[in-house]
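Asks: Each chain is listed here by its residues.
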Amino acid sequence: MNVLFYISAGVAVICTIMVITNLNAVHALLYLIVSLLSLALIFFLLGAPFAAALEIIVYAGAIMVLFVFVVMMLNPESQTIQSRKQLLRSGMWFGPAVPAAILLGELIYVLTVGSVTFPANAGVGPHALSRTLFGPYALGVELASILLMAGLVGAYHLARPEARGTPEGDDR
Amino acid sequence: MITIPTAHALLLAGFLFLLGLVGVIVRRNIIFILLGLEIMLNASGLAFIVAGFHWGQPDGQIMFLFILAMAAAEVSVGLALVLQLYHRIHTLDADQADRMRG
Amino acid sequence: MVQLLWLIPALPFAGFVILAPAGARMSRRLIAVTGVGTVGASAVLTAWITAGFLHGLPDRLAYSQIVWSWLAVGGLKVGFSFYLDALTLTMMLVVNGVGFFIHLYAAEYMAEDEGFSRFFAYMNLFVCAMLILVMADNLLLLYLGWEGVGLCSYLLIGFWYDDPANGYAARKAFVVTRVGDTAMAVGLFMLFDQLGTLQIQDLMVRAQGLWTVGAFLPTVAALLLLGGAVGKSAQLPLQTWLPDAMAGPTPVSALIHAATMVTAGVYLIARTHVIFTLAPAALTVVAIVGAATLVLAGFSALTQKDIKRVLAYSTISQIGYMFLALGVGAWAAAVFHFMIHAFFKALLFLGAGAVIHAMSEEHDMFKMGGLWRKMPVTFWTFLIASASLAALPLVTSGFYSKDLIIWQAYASVHGGIGLWAAALAGAFLTSLYTFRMVFLTFAGPLKTPVARRPGWAMNVAMIVLAALSLFAGFLEIPNTLGGVHLFSGFIQNALPATVMAVSREAYESLFEWISGGTALLGVAIIYALILRMPEFTAKLTGSPTGKILHRYWFSGWEFDALYDRTLVRPYVFLARLDREDIIDSFFDLVSWLGGLAHRVLSTTQNGRMRTYAAGLAIGAAVVVGMVVLL
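Order-wise, the sequence lines are chains A, B and C. Note that this note's numbering gives residue 351 to position 17 of the first sequence, counting from 1, and the numbers run on in steps of one. Note that this note's numbering gives residue 30 to position 41 of the second sequence, counting from 1, and the numbers run on in steps of one. Note that this note's numbering gives residue 480 to position 478 of the third sequence, counting from 1, and the numbers run on in steps of one.
Calculated directly from the structure, the hints in this document are not laboratory data. For each residue, glycine too, the CB sits at the ideal point set by N, CA and C. Check before you lean on any hint, since a few could be wrong.
Just some of the chain B residues that point at chain C, by a computed CB distance under 8 Å [as the list claims (entries may be wrong)]: (1) Val13; (2) Ile14; (3) Arg77; (4) Leu81; (5) Asp82; (6) Ala83; (7) Met89; (8) Gly91.
Label pairs and their in silico Cβ distance ranges [to be verified]: (9) C:Trp594 <-> A:Val475: 39 to 47 Å; (10) C:Tyr614 <-> A:Val475: 31 to 39 Å; (11) A:Leu486 <-> B:His76: 46 to 54 Å; (12) C:Ser593 <-> A:Arg494: 44 to 52 Å; (13) B:Asp82 <-> A:Leu486: 23 to 31 Å; (14) B:Asp82 <-> C:Asp590: 37 to 45 Å; (15) A:Arg494 <-> C:Trp594: 50 to 58 Å; (16) B:Phe4 <-> C:Ala616: 47 to 55 Å; (17) C:Arg612 <-> B:Gly45: 50 to 58 Å; (18) C:Ala616 <-> B:Gly45: 19 to 27 Å; (19) C:Asp590 <-> B:Phe4: 50 to 58 Å; (20) B:Thr(-5) <-> C:Ser593: 53 to 61 Å.
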C-alpha cells in the first residue's frame, strides 16, 4: 500500500514540473489539475478522506475552473486559433493522459482491493473533524466565511467592466 | 496497513513548495505566477495533513480547510486584479508593471 | 551709591537701544538730545559717585557690585560685576567727561550727515563698551568690553561706507587688533589654567602666592597680555592701523582713537600690574616697546601732510610714553599722562575737525594757512592744546605729565639713561611736529577761504577741554617746583608707588631744565624752518638723503609694505592654491559615497515583482539556513 503513495508522489512532482515549464497557459492548468488529483489521492492515503474530497471539489473543481475562465478571457486571439487546431491532434493528449491514467489505475486498485487500514489513531474521519471544526475552531469558521464574503465583494468590484473603463491619469 | 514515513511525505511537501517558488520567480506571465502560488499553497496544505496524520489529530485537516478557503478568496481577488492590470498594460508580462521603479 | 554703578554703562546702552531701531524716525534734535544726554547723565552720575568715593577714603579703597552671574561652568565663575577703585574712577571720569564734550561737539559737527542717528547709536554703544571695559571686575568681562570697543571702532571708522577705502581702513583696524586680541585671549586661557580664576583682584593675590619674581609663567602671561595691549593701543609692531583709521569722522578719531579706546592697553597693563611686576623681563619689553614707538612715530609725524595723520602718529607716540612709564614702574605717571593726554589730544582733534569743516573737507595742511585771524576760538584752543602736547614749561598740563614720565624714565629703579634719552628725543620731535602743524595750519597767508565757523556746541566743547589742558596739570607738581601730589596720592589707592633710585633723585631739577629747554628749542627751530627760512627747508627736504628719509618716515617706516610682503602675500598665495577647497572636498567625498550607495541600492528597486519575490526567497533561505546551521 505504501507504494501507492510513492507513485502518486512521483506523478505530482512530474506534473508540477510540467506546469511551471509549460508555454501554454491552458496546458499548464490541465497539468496542475492532474497534480491536484494526485495530491488528493495522497491525502486519502494519509487518512484524511474529507480533505481529499475537498481538494477535488474546491481546488480542482472551483479554483482551477476559475483560472481556466480567466485565461480563456485573456489569451490573445491569434494564439487561440492556432492552439485549437493543435488541440485536436492526438500527440497533445499524451502528456496529461499518461499521469491521469496512472492515477486512474491507483483509484481502481484502491476501490477494488478492499479496505485501507490505518494504524490506530492515524486517519481522521469526517465525524471527528466536524466536531473539532465547530467546537474550538468555530470562530475560525466564521472568520473564513467573512473572508470569503470579502473576496467575493472584492472580486466583483475589481473586475467590473465600468471600473475597468474609468479614465485614470497616466503619469508614466 | 498504511505507514507512510512522515519524513518522506514532508519531503514531498517541501519539494512541491520549492517547485512552486521557482515557478513564481522564473515565469513572467502573471497567470503562471499565480499558478505557482497555488502550488505553494497546496504544498503547505499537504504538510499540514501530514502533521495531522502524524499526531492523529483533526487539526491538520482543519488547517487545510482554512488554507483552502483563503486560497479561494485569494484567487478570485487576484484574478480580478489581473483583469484590471491587463486592461491597463494590455499584456500579461509581469515585468511590464514596473511603475514603482526607482 | 554703589548700587547705581550699573547705571553708568547702562545709560549709554539705553541710548544705543533707542537710537538703533528708532533713530531714523526721530527728529535731529531728539536724536542729539538722546545721544548726548545719555552720556551726559552717565557723566553726572560718575561725578556724584566720585564724590562719594572720595568721601569714603581712606577707609574704603574699592567697591564692587555684582549685577548678575554670567557664567558658572566647571571651575569658571564669571559674573557681570563691576569694580570701582581709584584707577577705575580716573578712567571713568575721562571716558564720560571727555566723551560728553565730544558728543556735544559731534551734535553740531555731524548735523548735516544723513547717518546722524546711526552715528550716535554707535558712539553710545562705544561709550557703554568702554565703560564696561574699565569697570570690569574680571578679565572676561573686560574682554567683552575690549571686543565691544573694537567692534564700535570698526563700525565708526567705516562709517561712510560708500567709499570702499573707508571699509578697507576699518577692516585693517579690526584685523590688526584681532592679532593682539588673540594673544590676549591666549593669555587669559593661560591665567585661568594656572590660577583658576579670572576675577582680577583674586588673580593678583593668587599670582603673588604662586609665582616667584622672574619665573617663566608670569613672563609668558604678561607678554601675552602685552600683545593684546600693543594691538589695541597701536604700539610697535601693531601700530599700522591707527593712521588709516583717520578715515572715520573727526569726533570718532577724537574719542576712540585719541582719548579712550587706544588707551585700553595702558589700562590693561595698569590693572594687571601685579603680573607684570612678577615678570621684570616683560616690563622691560613694555618700556622698550614704548620708547621705540614714541621715537619712530615722532619721525613719522614730522612728514605728514594730512592734519589728522599728524595727530594719529602723535597719539601713537604719546601712548608710547605711557607704555614707557608703565615699563619703568611709574604707574601714577602713566595714568596721569593718560588723563592729560586725553584732554589735549581730544581738543586737537576737535580743533582739526573745525578746521576741516572750515576748509570744506580739506585735510592737507599745505593747502591751509592764515586761519588764526579768521577762526580765533579754534586757533587759541588749538594753540593751548599744542603747547600742552609739546609740554611747554610751567603753564601747560602736558609739561607736568610728560616731564614726570621723562624724569621717572631715568630716576626709577627700572629706568636708565637710555630710556631717558629716547624720551627726550621724543619730546624734541613732539615740539617739532606739533608746531609745524600749528604754523602750517594757522600761520602764513590764507590759501583756502573759510567756508564756515564752528557754532556754540563746538566752541563750548573746545573751550572746556582747553581749560583742562591748561589747569589739570596742577594736580601733580614736582617737588622742585612746589610739590603737589594730589593725583599720585589718589592713584596710590589702587596702584603701587613708583620706586625711585635714590642716587638719581638729586638730579631732578637739572633734568627738568633739560626737558623744558628741549621743548622750547623745538618750537624755536621749527618756527625758524617753516616761517623764516622756507627755502632752506625746501632744499633740506629735496636733497637725496632728505628724499629717502622722507619716504621712510612718511610711510610709517614702511611697516605696511613689510607686512604686505611677509604676511599678506603668502597668505593670499596659499588661499589661491586652495581655491577648490581641498579640505572641504574630503567631506564632499563622504556625501559622494552616500550618493554612490544610493545609486547602487536603487537599482534593486526595479519595480518588478519577480525580483522582489526572488529576494524574499533568498532572504528566507538565508534565515532558515542560519537557524538550522548555527
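Asks: All the hints need checking, so say for each whether the structure fits it.
Replies: Do the hints match the structure? See the list:
{"no.": "1", "hint": "Val13", "verdict": "5 Å, holds"}
{"no.": "2", "hint": "Ile14", "verdict": "5 Å, holds"}
{"no.": "3", "hint": "Arg77", "verdict": "14 Å, violated"}
{"no.": "4", "hint": "Leu81", "verdict": "13 Å, violated"}
{"no.": "5", "hint": "Asp82", "verdict": "10 Å, violated"}
{"no.": "6", "hint": "Ala83", "verdict": "6 Å, holds"}
{"no.": "7", "hint": "Met89", "verdict": "4 Å, holds"}
{"no.": "8", "hint": "Gly91", "verdict": "6 Å, holds"}
{"no.": "9", "hint": "C:Trp594 <-> A:Val475: 39 to 47 Å", "verdict": "60 Å, violated"}
{"no.": "10", "hint": "C:Tyr614 <-> A:Val475: 31 to 39 Å", "verdict": "34 Å, holds"}
{"no.": "11", "hint": "A:Leu486 <-> B:His76: 46 to 54 Å", "verdict": "21 Å, violated"}
{"no.": "12", "hint": "C:Ser593 <-> A:Arg494: 44 to 52 Å", "verdict": "50 Å, holds"}
{"no.": "13", "hint": "B:Asp82 <-> A:Leu486: 23 to 31 Å", "verdict": "29 Å, holds"}
{"no.": "14", "hint": "B:Asp82 <-> C:Asp590: 37 to 45 Å", "verdict": "42 Å, holds"}
{"no.": "15", "hint": "A:Arg494 <-> C:Trp594: 50 to 58 Å", "verdict": "51 Å, holds"}
{"no.": "16", "hint": "B:Phe4 <-> C:Ala616: 47 to 55 Å", "verdict": "19 Å, violated"}
{"no.": "17", "hint": "C:Arg612 <-> B:Gly45: 50 to 58 Å", "verdict": "41 Å, violated"}
{"no.": "18", "hint": "C:Ala616 <-> B:Gly45: 19 to 27 Å", "verdict": "39 Å, violated"}
{"no.": "19", "hint": "C:Asp590 <-> B:Phe4: 50 to 58 Å", "verdict": "54 Å, holds"}
{"no.": "20", "hint": "B:Thr(-5) <-> C:Ser593: 53 to 61 Å", "verdict": "58 Å, holds"}
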